[in-house]
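Colleague: Residues per chain are reported as follows:
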Amino acid sequence: MIEVYRKLPKESFELILRNLAAREYLKRIWEQYSTLGKLDYLEDFDKIFEELFRFFLRPFELIIFNERVIRSIFPLQDLITTRDVVSAYTDFVESLTSHMRLTLQLLSQPVPKTPFDRFIEDWLDFAKKFEFQTAFPQDLPFALPADAKNYLIDCMKHWGDFVSDYEKYREMLRKAFRRSIENFCDFLSRSNVKSFDEFKNLLQDFLAKEFDVLLKSEEYLDLQQRLFDALFDHIYYLRRFFELMLENNPASPFATVSQLDEAYKRIMDLRRKIAELEKRLEALEVRLHDRKD
Amino acid sequence: MIEKIRGVEVKPWSCDYEVVHEDWLFKLLHFKGERKHRIPLLLVYAFINRPYVLDLHEEVSVVRKLIAEGIDVWMIDWGYPKRADKFFRISDYIDYIDFCVEKIRKERNVEAITLHGYCLGSTLAVIYTSLHPEKVKNLVIQTPPINFDTENTLALWAKHLNPRKITRAVGNVSGEMLNISFLLVDPVRLVFSKYQGLLDNLDDPKFLKEFFYMDFWIFDSPAIPGNVYDEFIERWYHKNELIKNEFDVNGRKVDLNRITMPVLALYAERDHITPPSSVIPFLEKIPSKDKKALSVDKGHIGLTVSKSSHAKLWKEAIKWIVERSD
Numbered sequence: 001m002i003e004v005y006r007k008l009p010k011e012s013f014e015l016i017l018r019n020l021a022a023r024e025y026l027k028r029i030w031e032q033y034s035t036l037g038k039l040d041y042l043e044d045f046d047k048i049f050e051e052l053f054r055f056f057l058r059p060f061e062l063i064i065f066n067e068r069v070i071r072s073i074f075p076l077q078d079l080i081t082t083r084d085v086v087s088a089y090t091d092f093v094e095s096l097t098s099h100m101r102l103t104l105q106l107l108s109q110p111v112p113k114t115p116f117d118r119f120i121e122d123w124l125d126f127a128k129k130f131e132f133q134t135a136f137p138q139d140l141p142f143a144l145p146a147d148a149k150n151y152l153i154d155c156m157k158h159w160g161d162f163v164s165d166y167e168k169y170r171e172m173l174r175k176a177f178r179r180s181i182e183n184f185c186d187f188l189s190r191s192n193v194k195s196f197d198e199f200k201n202l203l204q205d206f207l208a209k210e211f212d213v214l215l216k217s218e219e220y221l222d223l224q225q226r227l228f229d230a231l232f233d234h235i236y237y238l239r240r241f242f243e244l245m246l247e248n249n250p251a252s253p254f255a256t257v258s259q260l261d262e263a264y265k266r267i268m269d270l271r272r273k274i275a276e277l278e279k280r281l282e283a284l285e286v287r288l289h290d291r292k293d
Numbered sequence: 001m002i003e004k005i006r007g008v009e010v011k012p013w014s015c016d017y018e019v020v021h022e023d024w025l026f027k028l029l030h031f032k033g034e035r036k037h038r039i040p041l042l043l044v045y046a047f048i049n050r051p052y053v054l055d056l057h058e059e060v061s062v063v064r065k066l067i068a069e070g071i072d073v074w075m076i077d078w079g080y081p082k083r084a085d086k087f088f089r090i091s092d093y094i095d096y097i098d099f100c101v102e103k104i105r106k107e108r109n110v111e112a113i114t115l116h117g118y119c120l121g122s123t124l125a126v127i128y129t130s131l132h133p134e135k136v137k138n139l140v141i142q143t144p145p146i147n148f149d150t151e152n153t154l155a156l157w158a159k160h161l162n163p164r165k166i167t168r169a170v171g172n173v174s175g176e177m178l179n180i181s182f183l184l185v186d187p188v189r190l191v192f193s194k195y196q197g198l199l200d201n202l203d204d205p206k207f208l209k210e211f212f213y214m215d216f217w218i219f220d221s222p223a224i225p226g227n228v229y230d231e232f233i234e235r236w237y238h239k240n241e242l243i244k245n246e247f248d249v250n251g252r253k254v255d256l257n258r259i260t261m262p263v264l265a266l267y268a269e270r271d272h273i274t275p276p277s278s279v280i281p282f283l284e285k286i287p288s289k290d291k292k293a294l295s296v297d298k299g300h301i302g303l304t305v306s307k308s309s310h311a312k313l314w315k316e317a318i319k320w321i322v323e324r325s326d
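Same order as they appear, the protein sequences are chains G and Y.
Per my numbering, residue 1 is the first one in the first sequence, and the count goes up by one each step.
Per my numbering, residue 1 is the first one in the second sequence, and the count goes up by one each step.
Bear in mind the hints are in silico, worked out from the structure with no lab data behind them.
Each residue gets a CB set at the ideal place from its N, CA and C atoms; glycine is no exception.
Some hints here could point you the wrong way.
To be verified - As a list, the in silico DSBU-like pairs of lysine-lysine whose alpha-carbon atoms are at most 30 Å apart:
id, chain 1, residue 1, chain 2, residue 2
1, G, K10, Y, K206
2, G, K47, Y, K194
3, Y, K291, Y, K315
Said to hold, decoys possible - Chain Y is nowhere near these chain G residues, computed Cβ spacing over 12 Å in every case:
id, residue
4, Q32
5, T35
6, D40
7, D46
8, D212
9, Q225
10, E247
11, A251
12, F254
Turn these sequences into a full structure, and let the hints guide you.
Modeller: Quick look at the structure:
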């Protein structure tokens, strides 16, 4: 298997495996139809949808990792939540300790240091670490380089648009798939399909017809455009945000993509000028040569 | 299944060639063969996918057929653009075509050559021919997008894209992004039916060979330089500048009225990328008196690699080229 994975284009490999799985589901559906002589929408159809459209949906879902990256760098929300929990728990532990200490004082003298006391001391030491760490994220909005704050805000705005449009996009594909399967089931109830091949070809025809219409529809075109705009704006603003953070860090040893692009652009412009000069020189040489003759 | 697939060997480029010139990204290739005709032919491939589809394997090699008829075949390879190539422009491609045409004219001591464009390479070939008609003796355009105002799904999608948002975010448009788009245009046939067909034919070694030669080629996709993508989507798809005589290269207007030489157009009736309506208005518009269209009941790629196309369309096409190569 590894050898085939290595040998084939990754797309071919994935699509073969997904089609193998889809065929298994399809065979199960066919068996049910050939036994009952009719078909309703089954869960296996959803699995076929997943196999067919994972290939297209995965790249969008990979982008979701961007959001995870932001969270891991600026875990403001996580830290605030954690700090509140730790703080509440600390209050509880302190009140419990106080209550127990008082109870023990009433029952016996002197009060010995128990393992429980040592746990409390350790816990309070641990909680202090969180207090220290939460100080920086609280300052973060003021610590960002100029413009970076706006890139971050834009990046998150487009992120929100992307997530909302992506849900609609996925749902639009799923609904079209379901619609074509329902038409297919309806057709089957009025006909007598005798072989698996015929069954499979019919299903493909029903699906293809539905998607041919969907992918050209105004509704689809508008949504796809919005989805792409939000996605690529999100990526752009996120990158610019990171770039500004890097550019403003005097210890950063890295050139940013935008800085490299600027250099590439200048090199291309110079290259065109050199080519133009070479052409003119060549023309001059020809003219000089002609004069000598 | 694994055993059967493991046995498949894919080795495109069936004909021998040498790299005659290399300029950063671009290369000029020359195929070895006995020359029986005076006029050389330069193949200008698209900047999407790789040119070896014209020499995929012996049985369906257009290059091999041309060489067999004694045509002197040259080809431009646009390479695999990297981030550093983001600022290439369409005019750089036209300039390189001019460089190659000049080189071939000098080497072969001819006034003009046959320029054969394929897909977006046809678009470049048409632009070049309009700018330098004196250097093009014959123009062959294969599945050519010239009129971009068509109703196929891909064209509709292109018209609903903001290319600059894409390229400012990712630089170049990667091959992977292009592959996903090309498959999503027809997901059921290209992702489901096609691979179900493979599962049905695992015992047929010939089928497996042809299937994987195609799949390797389809997924061997170079990126499109960011600036080229912007220009191509905005000026061709959004504004349809070429067919309206509104496109320019470095300030020089591209006027289709200058195409007066013999023109052969090859198109596919079931092409979902460049449908017949991409080329027919062009044929009607140009003043050439010697123009011919050959079509086949296939799709965009089937025209190039199907055996039935080779048996009929390519036979006629190569005859047309040979008759005008002396």
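Colleague: Okay, which hints does this one fail, numbers in order?
Modeller: Hints 8 and 9 not satisfied by this model.
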